[in-house]
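Engineer: If you want the building blocks of each chain, they are given just below.
There are 2 protein chains.
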Amino acid sequence: MEAKVAPAVSLGAEIVDRINALAAISEMPDNITRIFLTPEHRAAAELIMGWMRDAGMAAHLDAIGNVCGRYEGERPGLPCLMLGSHYDTVRDAGRWDGPLGIITAIACVGDLHRRGKKLPFALEVTGFADEEGVRFASTLLGSRAIAGTFDESALGGKDKTGIRMYEAMRAFGLDPDHVGAAARAPSELLGYVELHIEQGPVLEAKKLPVGVVTAIAGATRLAVELRGMAGHAGTVPMALRRDALAGAAECIVAIEEFCATDRDGLVGTVGYINAMPGATNVIPGMVSFTIDIRSPRDSYRKLAVADIVRQIEEIVKRRHLTLEINVTHENRTVPCAPWLQKQVAEAVKAEGYRVFELPSGAGHDGMAMIDIADVAMLFVRCRGGISHHPDEHVDLTDAEAGARVLLRLIEDFKAKG
Amino acid sequence: MEAKVAPAVSLGAEIVDRINALAAISEMPDNITRIFLTPEHRAAAELIMGWMRDAGMAAHLDAIGNVCGRYEGERPGLPCLMLGSHYDTVRDAGRWDGPLGIITAIACVGDLHRRGKKLPFALEVTGFADEEGVRFASTLLGSRAIAGTFDESALGGKDKTGIRMYEAMRAFGLDPDHVGAAARAPSELLGYVELHIEQGPVLEAKKLPVGVVTAIAGATRLAVELRGMAGHAGTVPMALRRDALAGAAECIVAIEEFCATDRDGLVGTVGYINAMPGATNVIPGMVSFTIDIRSPRDSYRKLAVADIVRQIEEIVKRRHLTLEINVTHENRTVPCAPWLQKQVAEAVKAEGYRVFELPSGAGHDGMAMIDIADVAMLFVRCRGGISHHPDEHVDLTDAEAGARVLLRLIEDFKAKG
Chain A
1 MEAKVAPAVS
11 LGAEIVDRIN
21 ALAAISEMPD
31 NITRIFLTPE
41 HRAAAELIMG
51 WMRDAGMAAH
61 LDAIGNVCGR
71 YEGERPGLPC
81 LMLGSHYDTV
91 RDAGRWDGPL
101 GIITAIACVG
111 DLHRRGKKLP
121 FALEVTGFAD
131 EEGVRFASTL
141 LGSRAIAGTF
151 DESALGGKDK
161 TGIRMYEAMR
171 AFGLDPDHVG
181 AAARAPSELL
191 GYVELHIEQG
201 PVLEAKKLPV
211 GVVTAIAGAT
221 RLAVELRGMA
231 GHAGTVPMAL
241 RRDALAGAAE
251 CIVAIEEFCA
261 TDRDGLVGTV
271 GYINAMPGAT
281 NVIPGMVSFT
291 IDIRSPRDSY
301 RKLAVADIVR
311 QIEEIVKRRH
321 LTLEINVTHE
331 NRTVPCAPWL
341 QKQVAEAVKA
351 EGYRVFELPS
361 GAGHDGMAMI
371 DIADVAMLFV
381 RCRGGISHHP
391 DEHVDLTDAE
401 AGARVLLRLI
411 EDFKAKG
Chain B
1 MEAKVAPAVS
11 LGAEIVDRIN
21 ALAAISEMPD
31 NITRIFLTPE
41 HRAAAELIMG
51 WMRDAGMAAH
61 LDAIGNVCGR
71 YEGERPGLPC
81 LMLGSHYDTV
91 RDAGRWDGPL
101 GIITAIACVG
111 DLHRRGKKLP
121 FALEVTGFAD
131 EEGVRFASTL
141 LGSRAIAGTF
151 DESALGGKDK
161 TGIRMYEAMR
171 AFGLDPDHVG
181 AAARAPSELL
191 GYVELHIEQG
201 PVLEAKKLPV
211 GVVTAIAGAT
221 RLAVELRGMA
231 GHAGTVPMAL
241 RRDALAGAAE
251 CIVAIEEFCA
261 TDRDGLVGTV
271 GYINAMPGAT
281 NVIPGMVSFT
291 IDIRSPRDSY
301 RKLAVADIVR
311 QIEEIVKRRH
321 LTLEINVTHE
331 NRTVPCAPWL
341 QKQVAEAVKA
351 EGYRVFELPS
361 GAGHDGMAMI
371 DIADVAMLFV
381 RCRGGISHHP
391 DEHVDLTDAE
401 AGARVLLRLI
411 EDFKAKG
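Which chain is which? The protein sequence lines are A and B, in order. First residue of the first sequence? That's 1 in the numbering used here, and the numbers climb one at a time after it. First residue of the second sequence? That's 1 in the numbering used here, and the numbers climb one at a time after it.
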């Protein structure tokens, strides 16, 4: 379904220009790599703050390196509706993942500013400093600092060149002894709304430019190790084998089948596998692989993990293999606040699009922001569902659609009663 | 079944001593690594030639580095029954794979020599210089040189440090311009018999110290590459995935099932797999894996390969993946000569063991020797079927049993009528 109403102003072209301008700030000349606390990261922050000021906002860098812009409401000091996303990237990234949410929010504020429109609440736009967690072994550093849940022990973490986060912050011009100053009080925020590319193919399959997020799916990651008996590929009859890779293959097929028959958004992925010794003519004696299970409902995910582990145990037992299986990562589902999600849906509808709800399988800063504010998200369609890749792409018309929905949401926003 | 006849002399203790002496000659102090044309290889050759001379044989190194011992028959210059195996090893090898066949043959000749016994034919014992093919990308170099099928272009091949085989031969003291001098005429050989450890678990499962080999199984190796679509492990619903690893897993399960239901010694192995990009949270977009298919009957193997390829094609089509599949290696089955195999079986029976016939799934020098001589093989039980590993082990009593069968075969040997 396409828009029924012509836009009052065209924000899409400005958004695409700025996406491209930000994409040019990279560690590498031929790809996009913008890592936490690097000179590129700093240059990107300056560029974003300039745009914020052009849009009538006060802008500053907070204690962790988040870019913070504030557009006062009808009178100074009102609680704010916070918008935002992150401005760090993965290595060899796409240009839309993160920046689209920041740049679109600034474009909306700029539109209000040009019209001289003030609202009965403040607007803040946050460019989170580190969502991807590429440099140090920890994600959501920026939003955690704002939510007051930043773990100070992370400052001791080192990047792969041996630089500690503590020193990297000093080099960036920040004071690592006062990260706590970035924390905001829940009373300052009316809610947190993030616009982000979907990073999946669902909106494209549904032929919709935008989607309303219901929850950020919780995830469990498992590390599995199967041990059998290595042997010569020619000399061990099939009946005498304890082939760890054949066992792992049966597990992978079972995981896929289990998730495919689910109707509630459960997804399961085996992304990594290693067979040892890994020679053409040797039966693998040991295989390690990972499992990533996500669901927008924690109870479903936990049941699914238990069922999958049980199936693996059965396969392993039948094949006389041994099993080691460990949970390496677990995070709970972050549901979008119904009252706020409803306003997002109303804005989508008001702009002439069909309201389509979907969970976010990927993690976002809302996972940290939930600790101080109700959270909602608006997804924008991306081509082929491709993300974390140079081919990541959003059509200008979809960027425009996202901006119009966000602007409508802002203008119609009613704080929770 | 155990031996019914007490051995005339005990050869097992001497064999085990010499196995251990040869195992001490290694590139590494803490494991066994004896690679073609290295100083260790040379030292091993000298040690073996000394044992040959002690056993009453003339011994020399031939043009490719094979150790050649000759025990004349009732008169000089008679055609010979050739015995042997290889004295090179894989890296971090066991001590029995190869050396057992050489050392046992020398022990048998030594026994005849001590008794002053001459036969109506000569005996030759060959220690083949390179069966494993670890150093240069080519196996069976020693036996091919003797069979006159050595490919001179192999001399240009380089090892991983960049040394060409040509230069390595010169450094070893050989003349690479005259490898052809190693070739033997078919008329000089009455047959080739190799004693070797089974390298598999069948004799152990059958509780037999020795087995009569029916054929060296032919093999086909395939390289498979499946391509789907990489994607975020959280954002792509199961129904929209084109997961290359899930597809590969289904193929691996199908290969195993196909081979397991076969009743004629077909074996199929996937020993290597790589999933790209290989991250926990990314659906694999590309997977490569290998398939190794072996059967003692070439026609069966070819049908099996065709059936397996067809199954893979069906899986790939149903999953909307793309497939590249290539044969990387193929060698035909080498059947043991019925007349010679029969004499091996008679020797087994004469020594009091049940005659049990089995194919060799592993390759051996007989694969090259078949071009100039009829071939037979005797397998000796090894513990757990383990080979190409430091844990490779043969019991002294089984080494003794192998020697007694080989000695009986030699003494009762009748040339093909």
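Rather than coming from a laboratory, the hints here were simulated on the basis of the structure. Predicted, not measured: the structure shown is a model, and the values here were computed from it. Among the hints, erroneous ones may be present.
Stated by the list, open to error - Label pairs and their calculated CB-CB ranges:
no.: 1; chain 1: B; residue 1: Arg318; chain 2: A; residue 2: Thr397; range: 56 to 66 angstroms
no.: 2; chain 1: B; residue 1: Asp92; chain 2: A; residue 2: His329; range: 48 to 58 angstroms
no.: 3; chain 1: A; residue 1: His329; chain 2: B; residue 2: Arg170; range: 56 to 66 angstroms
no.: 4; chain 1: B; residue 1: Arg318; chain 2: A; residue 2: Lys416; range: 45 to 55 angstroms
What the hints assert, rightly or not - In silico DSBU-like pairs for lysine-lysine, Cα to Cα no more than 30 angstroms straight-line:
no.: 5; chain 1: B; residue 1: Lys414; chain 2: B; residue 2: Lys118
no.: 6; chain 1: B; residue 1: Lys317; chain 2: A; residue 2: Lys206
no.: 7; chain 1: B; residue 1: Lys117; chain 2: A; residue 2: Lys207
Where is the CB? At the ideal position from N, CA and C, for every residue including glycine.
Engineer: Are Asp92 of chain B and His329 of chain A spaced within 48 to 58 angstroms by their CB atoms?
Structural biologist: violated, 35 angstroms
Engineer: Against the 30 angstroms threshold, does the CA-CA distance of Lys317 of chain B and Lys206 of chain A hold or violate the hint?
Structural biologist: holds, 24 angstroms
Engineer: Within 30 angstroms, alpha carbon to alpha carbon, are Lys414 of chain B and Lys118 of chain B?
Structural biologist: With Cα atoms ~14 angstroms apart, Lys414 of chain B and Lys118 of chain B stay inside 30 angstroms; holds.
Engineer: Return holds or violated for the Cβ distance of His329 of chain A and Arg170 of chain B against the range 56 to 66 angstroms.
Structural biologist: About 57 angstroms separates the Cβ atoms of His329 of chain A and Arg170 of chain B, which means 56 to 66 angstroms holds.
Engineer: Is the Cα-Cα distance between Lys117 of chain B and Lys207 of chain A 30 angstroms or less?
Structural biologist: violated, 91 angstroms
Engineer: Range first: 56 to 66 angstroms. Now tell me if the beta carbons of Arg318 of chain B and Thr397 of chain A are that far apart.
Structural biologist: violated, 35 angstroms
Engineer: Go ahead and decide if the range 45 to 55 angstroms is satisfied by the Cβ distance of Arg318 of chain B to Lys416 of chain A.
Structural biologist: Given about 49 angstroms between the Cβ atoms, the range holds.
Checked against the numbered hints given earlier, this structure breaks hints 1, 2, 7; the rest are met.
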